[in-house]
Amino acid sequence: MTVRLEALTIRYGMRTAVDDVTVEFPAGAVGLLGRNGAGKSSILKALLGLVRPSSGRMRILDLPEDATPAAIRARVGYMPERECHLPGLTGFEMVALLGRLSGLPERDSYRRAHEVLYLVGLEEQRYRPVSGYSAGMRQKAKLATALVHDPQVLFLDEPTNGLDPAGREEMLRLVRQLAGELGKSVVLSTHILQDVEAVCTAVVVLEGGKVVAQGPLAELTRTLDRVYHLQVEPATLRLPAVGPGMQMVADGDGRWRALAAATCRPVDVFALVHAAGGNVRSLVLHRRSLEEVFLGAVRGEVEGALSVVRA
Amino acid sequence: MTIYGVGYRPLQVALLSPVRRLWPLVVLEFKSLFRTRWGVVGFLLCLMPQIVSLMVLLARMNVLNFIGHGGPRPPRGMRMPDEALRLDPTAVQFYVEPIMAPNQGLTTMLILTAMVTSRAIAKDRGANALELYWTRGISPLGYFFAKWLGSFLLVGLVTVAMPLLLWLIGVFLAEDWSFFQDTVKFMPRALLGLATFSAVMCYCAITLSAFANSANIASILWCLLLIGSLAVGNMLAGILHQPEFVARLSLWDANMTVANAIAGLPVRASNLNGAMVAVAVTVALLTFLAQRRMRLLEAVG
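Going line by line, the protein sequences match chains A and B. Quick note on numbering: our numbering labels position 263 of the first sequence as 914, and the sequence is numbered without any gaps. Quick note on numbering: our numbering labels position 48 of the second sequence as 184, and the sequence is numbered without any gaps.
Don't take every hint at face value.
To be verified - Covered stretches of chain B (chain A as the covering partner; in silico rule of three or more C-beta atoms under 8 angstroms from a C-beta of chain A):
(1) 164–173
(2) 261–271
Stated by the list, open to error - Chain A side only, calculated, beta carbon under 10 angstroms to chain B, not exhaustive:
(3) A718
(4) P720
(5) G739
(6) L755
Since the hints were derived computationally from the structure, they do not count as laboratory data. Note that the Cβ used here is the ideal one computed from N, Cα and C, for glycine as well.
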């Protein structure tokens, strides 16, 4: 467990941004999904000590619940959503300075600045002013500043904002590397579903300040009533409309869909086709996309039997 | 040294205390003027009054001789006209007036504070840098203090360190200890007055910078505050025939009156009280406005 929130509520004046949220972020890359205004950034800011929650409890790593913001920030790296840089400084100077403000001695901050800039792929541009960087380079520089003090947990707020496809892919590769090879726990706050699908192993979906779905990505995208897409031969083969625990739908030209119950196994589909006098040329289990999960979750349509917790 | 494929290795160092973390920010602010060619030119311009004072000092010490003979030094304890005191290295006015007299020091202070201090926080706000700073191990108050200290050290380089240097040069060039004996009585108070004057100016400029949205707006506001209040004070003083209005309405004059009192220069009591109130009100008002804009949520959106 990296982060645990218990009955967390955050209010800005009369407006409730986060409403009684209880959630756990496991180690690895976790997606924090939600539409704009869903409460993602508020949760990150509360975790960083920038916003004081109205009620509830938060715990990060093994730090005590009453840990000071400074103690939290020593263990956490934050990549802001907004475009930001330190005016007048080169990439190296910016990362080294922020390393020193995080508490690193001078020599270590310089060494780390070189290392993280190399890691994010800015080694050639590190002595150029950040104000002259492209959007992709600035995002990488922000990631380097989040990494400079070697945090165990990284909060990345919309890291692919404003990036072209190549830049986006590069950023996602870096996030995968951080969560995999380098063993960091990454909380990826975004509204881009493909980013989460590309790098995360678990997801928390927020809507209107509440958690509407959470769990491992593989679990969430597995359907309760499975759909098998199969192709049979001969193409003219006629299958019964109903089989044991499944319903067959003809899509034409030898293609069929088997709408099966959770207990139904692929071998049952094979047996049905054999009994009708044909062979199965291909059989594919259809998985729901994260988009389907997300839209279902925000509409309140998520099936409860899939480790999906309704808030 | 091991070479790592990804150029990244775990960090194992003891982190510095929150106070020591602020020092790089102080240094950054102190050096900010020297990062550009125009900044260096601006700084050299600010040194001009001090260079003129140095020339006068060297001439009075007979190191430079423009007219063939340096002339005898006036007898110790002799009362001299105010204009002559400004050229006498044994008088406190020689060290204080090039910094604090509006006709001599205003340009220097305006260049330094408008180029550095009044831009310090506004330029960070404009680049959204506050979000980067405050998600580190420093607090907004620590950040503000570091910015103020950095700019105060830079301004103090001209307004405090240069007069001190002039005095030390005078002490070393003097033929005997009489120069030291004549000047050591007032120099600590004079330097304290100059430091107070610079510290208050930097504080006002940096608080103004804290609530401005862009560096240029902050610079313009600062110039308007300094010159505008001076102009209004002088105008009202002339119209109403109340000379003390200047010290009460002009930030520069109010600050100068307080600093003069600290430096041991003669100041009218009524003027001093009015000036102290004016400085206190300005500082309080600017602090109130700045602290509203320095809240964490203001910075991180």
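Quick rundown of the hints versus the structure:
1. 164–173: Per the Cβ count (3), the hint holds.
2. 261–271: holds (count 9)
3. A718: Hint on A/A718: violated, closest Cβ of chain B at ~13 angstroms, above 10 angstroms.
4. P720: holds, 8 angstroms
5. G739: Holds. Min distance 6 angstroms.
6. L755: Constraint on A/L755 satisfied, holds at 6 angstroms.
Hint 3 from the earlier list is the only one contradicted by this structure; the remaining hints agree with it.
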